[in-house]
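**Student:** Okay, here's what each chain looks like letter by letter:
Number of protein chains: 2
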Amino acid sequence: MDKHARQFDKDLDDFKRKLLEMAALAETMIDLAISELVQRDEHQVSQVPQYERDVNRLQIEIDEMALALLATQQPVAVDLRTILAGAKINSELERIGDLVCNITECAHTLLTQPPLKPLIDIPRMADLARRMVRESLDAFVREDVLLAESVIMTDDQVDALKNQVLRELMTYMMSDPRSIERAMSLILIARHLERIGDHATNIAEDVIYMIQGRDVRHPRLQKEQQERKE
Amino acid sequence: MDKHARQFDKDLDDFKRKLLEMAALAETMIDLAISELVQRDEHQVSQVPQYERDVNRLQIEIDEMALALLATQQPVAVDLRTILAGAKINSELERIGDLVCNITECAHTLLTQPPLKPLIDIPRMADLARRMVRESLDAFVREDVLLAESVIMTDDQVDALKNQVLRELMTYMMSDPRSIERAMSLILIARHLERIGDHATNIAEDVIYMIQGRDVRHPRLQKEQQERKE
Chain R
0 MDKHARQFDK DLDDFKRKLL EMAALAETMI DLAISELVQR DEHQVSQVPQ
50 YERDVNRLQI EIDEMALALL ATQQPVAVDL RTILAGAKIN SELERIGDLV
100 CNITECAHTL LTQPPLKPLI DIPRMADLAR RMVRESLDAF VREDVLLAES
150 VIMTDDQVDA LKNQVLRELM TYMMSDPRSI ERAMSLILIA RHLERIGDHA
200 TNIAEDVIYM IQGRDVRHPR LQKEQQERKE
Chain U
0 MDKHARQFDK DLDDFKRKLL EMAALAETMI DLAISELVQR DEHQVSQVPQ
50 YERDVNRLQI EIDEMALALL ATQQPVAVDL RTILAGAKIN SELERIGDLV
100 CNITECAHTL LTQPPLKPLI DIPRMADLAR RMVRESLDAF VREDVLLAES
150 VIMTDDQVDA LKNQVLRELM TYMMSDPRSI ERAMSLILIA RHLERIGDHA
200 TNIAEDVIYM IQGRDVRHPR LQKEQQERKE
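Chains as they are written, first to last, in numbering that gives the first Met the number 0: chain R, 0 to 229; chain U, 0 to 229.
If we strip away everything but chain R, and leave its shape as in the complex, we get:
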């Protein structure tokens, strides 16, 4: 392997490592936001925003790395797909960071009022969403299609939990109008978590596309195109 190729491999590894670092930050943020919500210490200032600054800094660095890899190394085939996927994953992770900040804002409003109900499903949703973020990035780095597929399947569980949360809180709202404001905040938190799951699903789909060069995003359409070609 020549010197140029070795340098490229090293740069590509650095690129992947930065994305892992960003995903780890996003995971920490999810944990923090939910534990702040569950523990209800209204005097504590949320630690989430300081992590978001790190995520934003990483987003800029990673975009610059992607551009530099593309411009100076002129990669082809699977390396090219990896860099393009990485650039998209970068955007997804940044938005996950934004969503966690939104959760923190809702939590802040909730802590000014008495608790509406014990929180069970929302922490479960958060656990699933956090795991999806980690596993989608693991799938990216290890080029693991099966793991990416399992992330996509986990999203159904997140959606099912969200629907459960929604139904339960609707009954609260219908039986007592004073619960409406708090119930709406909790519904919003559930939606933010659902969207974090959606972003992890987008990452997993990008990973499969990167590895297999086929599009899992619209399977029926792909099949039709395939048949037309045959």
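Hints were generated in silico from the structure; no laboratory data involved.
Be aware that a few hints might be false.
[To be verified] Here are the computed lysine to aspartate or glutamate pairs in the DMTMM-like style, where the Cα-Cα straight-line distance is at most 25 Å: (1) K116(U) / E180(R); (2) K15(R) / D78(U); (3) K15(R) / E63(U); (4) K161(U) / D158(R); (5) K161(U) / E180(R); (6) K116(R) / D126(R); (7) K9(U) / E142(U); (8) K15(U) / D78(R); (9) K15(R) / D175(R); (10) K116(U) / D175(R); (11) K161(U) / D120(U); (12) K161(U) / D30(U); (13) K116(R) / D30(U).
[What the hints assert, rightly or not] Computed beta-carbon distance windows for the label pairs: (14) V140(U) / D97(R): 45 to 51 Å; (15) P122(U) / R16(R): 43 to 49 Å; (16) V140(R) / E63(U): 23 to 29 Å; (17) D155(R) / E180(U): 20 to 26 Å; (18) R141(R) / S149(U): 29 to 35 Å.
[Claimed, not checked] Only part of the chain R face toward chain U is listed, based on derived beta-carbon distances under 7 Å: (19) V140; (20) M172; (21) I179.
Even for Gly, the Cβ is constructed at its ideal location relative to N, Cα and C.
Place chain U on chain R using the hints.
**Tutor:** Chain U only, in chain R's frame:
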């Protein structure tokens, strides 16, 4: 200009044209979904899903074009940024298509029940969101920073309208529990429109980054980094 360069310019134009085509479809979908909601013809089958299939087909084509441009032409500098921005814009447009389908689903539920109130702000939100989509793509094709910046500013109006919708519907819910289900569907539609505005904002930010090579996504952070370098 040599033959190779001419071919590259032609391919890049085709790439941009496909993105414009996809944005035009997304605009049509927004119009359709909202007019179906406002006109309340419950017997009519929504036309939105057939457009979504076209959007999904275009997404695959555009990703392949981006990969082909990067692999065969090995572009640098601003062309490289354009292709990378285009690949990201492609993902944003596909998600706008998904969101319009979600609006259609909410509308379908609403049409089975008597109207809760005349819809004023939701169609206004839709108009703004649709305009943001078109202008963000115009800014991309014309490399127009000012237009991209105006898209980002319009997002504040969309958010303000969404808050207005939310407040109004909360009062409906509090005064009459029978309105809760319909109010929740309308709130969800307003949120989907808000997210369409967010995606157009993402596109506008990608466009500015593409043209100026500077990141508008986190201005304070950029400034700090700049100062550290000086």
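**Student:** Checking against the hints above, which ones are violated?
**Tutor:** 9, 13, 14, 18, 19
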